[in-house]
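These protein sequence lines are chains A and B, in that order.
For the first sequence, the residue numbers in our numbering are 1 to 322.
For the second sequence, the residue numbers in our numbering are 1 to 322.
No wet-lab data here; the hints were simulated from the structure.
When chains are identical, the list treats them as one kind, so a pair holds in a single copy or across two.
Listed next, the in silico BS3-like pairs over lysine-lysine satisfying Cα-Cα at most 30 Å (straight line):
| no. | residue 1 | residue 2 |
| --- | --- | --- |
| 1 | Lys-244 | Lys-210 |
| 2 | Lys-210 | Lys-173 |
| 3 | Lys-168 | Lys-210 |
| 4 | Lys-115 | Lys-29 |
| 5 | Lys-115 | Lys-35 |
| 6 | Lys-298 | Lys-60 |
These figures come from a predicted structure and were not determined experimentally.
Protein chains: 2
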Amino acid sequence: MSSVKDVAQLAGVAVGTVSRVINNSGAVKPETRRKVEEAIRTLQYVPNEVARNFKMQKSKTVALLLPSIWHPFFSELAYYIEDELDLAGFKLMLCNSGGRPEKELYYLEMLQQNKVAGIVGITYNDVEHMVRTDIPIVSIDRHFDKTITCVTSDNYEGGRLALRELVKAGSTKPAFMGSRTELFSETMNRRDGFADEAEALGVEYVIYEKPDPVVDEDAYYEEFLERHRDIDGVFAITDMFAAKYIERAKKLGIRVPEDVRVIGYDGIQDHAYFHPVLSTIRQPVEEMARMTIQLLFKKIEGTEIEQETYRLPVTFRPGETT
Amino acid sequence: MSSVKDVAQLAGVAVGTVSRVINNSGAVKPETRRKVEEAIRTLQYVPNEVARNFKMQKSKTVALLLPSIWHPFFSELAYYIEDELDLAGFKLMLCNSGGRPEKELYYLEMLQQNKVAGIVGITYNDVEHMVRTDIPIVSIDRHFDKTITCVTSDNYEGGRLALRELVKAGSTKPAFMGSRTELFSETMNRRDGFADEAEALGVEYVIYEKPDPVVDEDAYYEEFLERHRDIDGVFAITDMFAAKYIERAKKLGIRVPEDVRVIGYDGIQDHAYFHPVLSTIRQPVEEMARMTIQLLFKKIEGTEIEQETYRLPVTFRPGETT
Numbered sequence: 001m002s003s004v005k006d007v008a009q010l011a012g013v014a015v016g017t018v019s020r021v022i023n024n025s026g027a028v029k030p031e032t033r034r035k036v037e038e039a040i041r042t043l044q045y046v047p048n049e050v051a052r053n054f055k056m057q058k059s060k061t062v063a064l065l066l067p068s069i070w071h072p073f074f075s076e077l078a079y080y081i082e083d084e085l086d087l088a089g090f091k092l093m094l095c096n097s098g099g100r101p102e103k104e105l106y107y108l109e110m111l112q113q114n115k116v117a118g119i120v121g122i123t124y125n126d127v128e129h130m131v132r133t134d135i136p137i138v139s140i141d142r143h144f145d146k147t148i149t150c151v152t153s154d155n156y157e158g159g160r161l162a163l164r165e166l167v168k169a170g171s172t173k174p175a176f177m178g179s180r181t182e183l184f185s186e187t188m189n190r191r192d193g194f195a196d197e198a199e200a201l202g203v204e205y206v207i208y209e210k211p212d213p214v215v216d217e218d219a220y221y222e223e224f225l226e227r228h229r230d231i232d233g234v235f236a237i238t239d240m241f242a243a244k245y246i247e248r249a250k251k252l253g254i255r256v257p258e259d260v261r262v263i264g265y266d267g268i269q270d271h272a273y274f275h276p277v278l279s280t281i282r283q284p285v286e287e288m289a290r291m292t293i294q295l296l297f298k299k300i301e302g303t304e305i306e307q308e309t310y311r312l313p314v315t316f317r318p319g320e321t322t
Numbered sequence: 001m002s003s004v005k006d007v008a009q010l011a012g013v014a015v016g017t018v019s020r021v022i023n024n025s026g027a028v029k030p031e032t033r034r035k036v037e038e039a040i041r042t043l044q045y046v047p048n049e050v051a052r053n054f055k056m057q058k059s060k061t062v063a064l065l066l067p068s069i070w071h072p073f074f075s076e077l078a079y080y081i082e083d084e085l086d087l088a089g090f091k092l093m094l095c096n097s098g099g100r101p102e103k104e105l106y107y108l109e110m111l112q113q114n115k116v117a118g119i120v121g122i123t124y125n126d127v128e129h130m131v132r133t134d135i136p137i138v139s140i141d142r143h144f145d146k147t148i149t150c151v152t153s154d155n156y157e158g159g160r161l162a163l164r165e166l167v168k169a170g171s172t173k174p175a176f177m178g179s180r181t182e183l184f185s186e187t188m189n190r191r192d193g194f195a196d197e198a199e200a201l202g203v204e205y206v207i208y209e210k211p212d213p214v215v216d217e218d219a220y221y222e223e224f225l226e227r228h229r230d231i232d233g234v235f236a237i238t239d240m241f242a243a244k245y246i247e248r249a250k251k252l253g254i255r256v257p258e259d260v261r262v263i264g265y266d267g268i269q270d271h272a273y274f275h276p277v278l279s280t281i282r283q284p285v286e287e288m289a290r291m292t293i294q295l296l297f298k299k300i301e302g303t304e305i306e307q308e309t310y311r312l313p314v315t316f317r318p319g320e321t322t
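Extracted from the complex, chain A is given alone in its bound form (with noise of 0.2 Å):
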């Protein structure tokens, strides 16, 4: 059976424009559209059951509700759900619903109007009692206790990645520093692979955490440099834990890698512009945004899904802090 790649390499077009035209969406110029239906016909090529579904379908448009767009890991992350959508002829809306959780509400009641097709949510506000099992919602992330489909990186292995890493380079007594959301998240795992991994090798380790969102940061980090002068690794929860933390134990003196290896998690540089470069648990964001939206797909179409939760594995990326 031909594919829609097949489609596209006979027609010498690329997979979206194939895509526009079966779904009717975009914009096409006449004689491509001849030379993609051309190829069609030529190879017998029928549309799969999402692309047939996705023409009934009263809206393609399908909501992005994120903390804040201005953060680097859901820029990211944003950039590539926007591309898969369009390859399939949906739109993306995009909500920062940071602290606003009126704003979350309002998209499930568009939801429910069919005004879009789907949601996909990266939310920390308690939300449960509004969504059932089979509404075309997918989270990254956080959980929901388990109604709703999950995407997220294998945080648990991260947390235990990133503890081998830092022995590997010379910690002996490593410490995770974190915050803890009041509702269970996916991102809590990164703190019991961590702790699980030290138990298991028999490593001294020190758990450092306080309720999130952390307000007083000042407070936070000053607390940690003082209580715990005799760690000599951390496992921060994101890049920018660990960028905060290794600004401020510059000022004391605390030499990152010598004196304090530090790893990350997220992977938000993309680039080696600015320093220290950061050694990270790297989440497989381009990977993470395109299943969420096949996920969405398969939800919109009312095709039931395996799992609950999809973890995809993570890698480690060395920096200059290791």
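Please arrange chain B on chain A, whose structure you already have, making use of the hints.
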């Protein structure tokens, strides 16, 4: 006359909430709605033309066309644009159009079909022939040969300011480093301001430009570093150009700012956790975003706009590179 702020204060809610009640958009708790309506009656508040006209518009969605949301300057801009739209009950559709002119054309089609109420475009494609003066489009930076309202920072004054700051920091032979698009772009004024101010002050200077986009970055910076060994200051057309120059210069043993002072343009670093913290000409991103949306609203309601180009003042933000 009472303002929306007075209503918000009396009702004890945020301005955005009042806006959602007036525009009948977004989720508002019944009790909150009642409080706001009471405050409106008490203060005899009359929603302005914009708000009332909005009710009659079919679409309450605005499309934002960006080269890439992944770039920190654009993600900051998108953040404030979404916020300003939300205050008026509008939603944001996001499109990464970088290198894909057909995506931009598609949104212009949506505008003609009234599927979006307006477009904010940071486009570098030649879509000039597609657009008329009276359709609701506001451009950022790109000039469109004067048919489209454009909001930009005062690039010319920014260039002058950069030259003066380089001289103040001890530079006697500064260089401008940038790229040139084929079509006129407001950002070209950065070079002109720099050159004019150097002439006015009798300072020897260098202009280094290549066609945009710079594909072979290695060749671009190598040629500059080889040809212009005697310069002691660099004004780069963007912060990223500055950061890339500094990284390469460092490898040749050139110290910044001791040997060469460097100033960028944009102000993409919103914190000081990664180094070098660039000395830069800071664009007033929030003001640009909010003004862009206010001008777009005027165009949507058919109000004539006084100016073709709105240039907002920039400031010098000293960092570690001068």
